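Residue strings, one per chain:
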Amino acid sequence: MATVETRALTKRFETANAVDGIDLAVREGEFLVLLGPSGCGKTTLLRMLAGLETPSAGEVLIGGRTVTHLPPRARNIAMVFQSYALYPHLSVYRNIAFPLAAVGMPRHEVADKVAQAASMFGIERLLERKPRQLSGGERQRVALARAVVRNPVVFLLDEPLSNLDAKLRTSARDELQQFQRRLGTTTVYVTHDQIEAMGLGDRIAVLDHGRVRQLGTPLEVYHEPADTFVATFLGSPPMNLMDDGPVSCGFRPEHLLPREAFPAGDAVVDIPLTVTRIEHLGADRLVYAALEPPHTRTRVVCRLPSNVPAPLEPGRRYDFALRPGDLRYFDRETGLKRPAAPT
Amino acid sequence: MSSVAAPAPQADAKRRPNWLDDELWLGRLLIAPAVVYIVALVGFPFVLAVAYSLSDATVGSTSLDFVGLRNFAAIVDDPTFWGSLRNAVVFTLVSQALVVVLGKVLAMALYRDFRGKWLVRLLILLPWVAPISLGSIGWLWIFDPVYSIINWSARALGLFGPNTWPIWLGQPDLAMASIVMVDVWRLLPLATVIILAGLSAIPQDIHDAAQVDGAGFWRRLFMINLPLVMPIMLVALLFGIVFTFTDLIVIYVLTRGGPFDSTQVIASYAFFTGIEGGDLAGGAAISLFLFPVLVAVAILFLTVARRAEVA
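For the record, the sequence lines run as chains A and B. With our numbering, letter number 169 in the first sequence gets 169, and the count goes up by one each step, no holes. With our numbering, letter number 59 in the second sequence gets 59, and the count goes up by one each step, no holes.
Everything labelled a hint here was simulated from the structure, so no lab data went into it. Quick caveat: nothing in here was measured; it's all calculated off a predicted structure. Heads up, some of the hints might be wrong.
[To be verified] The calculated label-pair distances, taken between Cβ atoms and stated as ranges, are: (1) B:238 <-> A:23: 49 to 59 Å; (2) A:132 <-> B:41: 33 to 43 Å; (3) A:181 <-> B:300: 48 to 58 Å; (4) A:132 <-> B:249: 38 to 48 Å; (5) A:111 <-> B:158: 53 to 63 Å; (6) A:88 <-> B:86: 39 to 49 Å; (7) B:300 <-> A:178: 46 to 56 Å; (8) A:151 <-> B:238: 43 to 53 Å; (9) A:13 <-> B:307: 31 to 41 Å; (10) B:112 <-> A:232: 38 to 48 Å; (11) B:252 <-> A:56: 50 to 60 Å; (12) B:25 <-> A:280: 57 to 67 Å; (13) B:109 <-> A:243: 57 to 67 Å.
[Claimed, not checked] As a list, the in silico DMTMM-like pairs of lysine to aspartate or glutamate whose alpha-carbon atoms are at most 20 Å apart: (14) A:130 <-> B:205; (15) A:337 <-> A:326; (16) A:337 <-> A:227; (17) B:117 <-> A:14; (18) A:167 <-> A:193; (19) A:337 <-> A:220.
Ideal Cβ positions, reconstructed from N, Cα and C, are used throughout, including at glycine.
Given these sequences and hints, build the entire structure.
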């Protein structure tokens, strides 16, 4: 177990900075998720932590020790790749044993460790098979077993669930979190899937264009986004933004409800709107609408749970509302969060 | 107008011979050139060689009498034949061992990105695109007893003393080393390109995973890289064995089998006996000894190809 730290870490490619001066501190035993759209630099950042990519500038520290120029094998880390990168010519046993053999561990100790790792992921009966004889879920388990087998101080995971089908992904997410909690190993996890990020992370670092836009717990980044990028990247559908003078007001789709859903005496902000389209998703209804005066005409989405049975029809005007506390304010110029509305 | 135009396509469809739609006949038609080529240029000469080897055919006579296995009996008693067989095996094994090792090294060097990579690739490919005979004549000058650029350069650099002046193609051991060198020069590009293709087919993640898993350069090379490239290296090796074992040009141009038959191989001995010596029957019998080796290589080839398909 160890902390992982980056100081002004930068990776310059020919045209632009893939990673642009990132300062990040991962706490001991923490599950940190790097979340961002494709091309935001999250994988490059992870590869620099692993030592597979040399930084153009800045430092990487693992357990307080500077490892910036050390090769991967001197860092005592384990990495799980999106493709799993199992060695196709080796049996599952020899795949898992590979990191142990590389440090010259005696044969009987290797056998013990492999057996332990295999039982942890329930793959004991697969040990003699070759990777190509395994299903996607089995390969993922083998890759994880290979990662844990030599007790690394840090796990680096690069979208390890993205090659699984949706159903398997949910259970794999659960197992992944359980085993990380049990081992308590510091983990850095890269994903572009916000559901994975929200569900797995102790903290989430939201990345865009090689910079950290916000670092916080899943609830913080969801409810208190630091800027309009984070606000509109997280959430499905994302936060609605409407212009109000020099500020943008943001609110989550689930906070915008028909006026009658609030108790009559409550202080609310009235949001009149015209419904344009309705999507029924089972548990929820997604209502696409256009704001009416006094607000600037903007498209918004609201998510009505099925226990808000208000009859709605496309093309008609309705009175919606939200609690003032659910409004977030951003500077229109910089996109950064502002404490409250200007008076 | 329309009454004239309408029946035309129908007539066209009728006129088109329907065997073009018949997959069986179309298949036969398409495979015919390959079959004709193999029968005319491989099958027929092979049958002819078997027939000659059992006869007393010579260049000077039109008569052909069956003599049974007399030619083979003569060959088995011929020490030059056994020398040629041994030379052919040594020539092939040594040159191919060098080609595979050097090809792998070159492929790994060319796999990385560096400035001017395309130029280096071009230069390395050059011996393969140059005609073998012209390349060999070039080497003839490099190995020339009087003008050898190797000797003059070595002397200028002080590597050779006043009494050292190797006659590359005139001393038995040096002559074998020389033809091995030329064969390596000629076959290295092909092997390099084949191995490079195999190397590029390994996903980068596998290399990365091995690095993260703590493997150093040699462990990565022997545990990951080589086993994964092995099937394709075997293909390069089999090509090389066929090309080298049956090669005549390099030896014909450089040494003509000399000195004292020290570079005589089966192909050159068959040529000198059958064509230059006029003993067609004897030459045919000698050349038939190439057959079992090439059959073995062909079987290996097919096995490798099938294993690659399965995997």
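Results for each hint:
1. The supplied range of 49 to 59 Å is met by residue 238 of chain B and residue 23 of chain A, whose beta-carbon atoms lie about 56 Å from each other.
2. In this structure, residue 132 of chain A and residue 41 of chain B meet the distance hint of 33 to 43 Å, their C-beta atoms being roughly 41 Å apart.
3. Range check, residue 181 of chain A to residue 300 of chain B: about 54 Å between beta-carbon atoms, so the 48 to 58 Å window is met.
4. In this structure the supplied range 38 to 48 Å holds for residue 132 of chain A paired with residue 249 of chain B, their Cβ-Cβ distance being about 43 Å.
5. Between residue 111 of chain A and residue 158 of chain B the beta carbon distance is about 59 Å. The supplied range of 53 to 63 Å therefore holds.
6. Taking 39 to 49 Å as the suggested C-beta distance range, the pair residue 88 of chain A and residue 86 of chain B conforms, at roughly 40 Å.
7. For the pair residue 300 of chain B and residue 178 of chain A, the beta carbons lie near 51 Å from each other, so the given range of 46 to 56 Å is met.
8. Taking the beta carbon of each, residue 151 of chain A and residue 238 of chain B are about 45 Å apart, inside 43 to 53 Å as hinted.
9. Checked against the hint of 31 to 41 Å, the pair residue 13 of chain A and residue 307 of chain B passes, with Cβ atoms roughly 40 Å apart.
10. Between residue 112 of chain B and residue 232 of chain A the CB atoms are about 42 Å apart, so this pair conforms to the stated range of 38 to 48 Å.
11. The hint said 50 to 60 Å for the Cβ distance between residue 252 of chain B and residue 56 of chain A, and at roughly 58 Å that hint holds.
12. Checked against the given bound of 57 to 67 Å, the beta carbons of residue 25 of chain B and residue 280 of chain A, roughly 59 Å apart, stay inside it.
13. Range check, residue 109 of chain B to residue 243 of chain A: about 59 Å between beta-carbon atoms, so the 57 to 67 Å window is met.
14. Of the pairs offered as hints, the one joining residue 130 of chain A and residue 205 of chain B holds, with about 18 Å between alpha carbons and a cut-off of 20 Å not exceeded.
15. Distance hint between residue 337 of chain A and residue 326 of chain A is fulfilled; the C-alpha atoms sit about 14 Å from each other, no more than 20 Å.
16. A distance of roughly 5 Å separates the Cα atoms of residue 337 of chain A and residue 227 of chain A; the hinted pair therefore holds under the 20 Å criterion.
17. Note on residue 117 of chain B and residue 14 of chain A: the hinted pairing holds, with a Cα-Cα distance of about 18 Å set against a maximum of 20 Å.
18. Proximity of residue 167 of chain A to residue 193 of chain A is assessed by CA-CA distance (about 15 Å); at most 20 Å being required, the pair is judged to hold.
19. Restraint check: the Cα-Cα separation between residue 337 of chain A and residue 220 of chain A comes to about 13 Å, which is no more than 20 Å; the hinted pair holds.
In this structure, none of the earlier numbered hints is contradicted; all agree with it.
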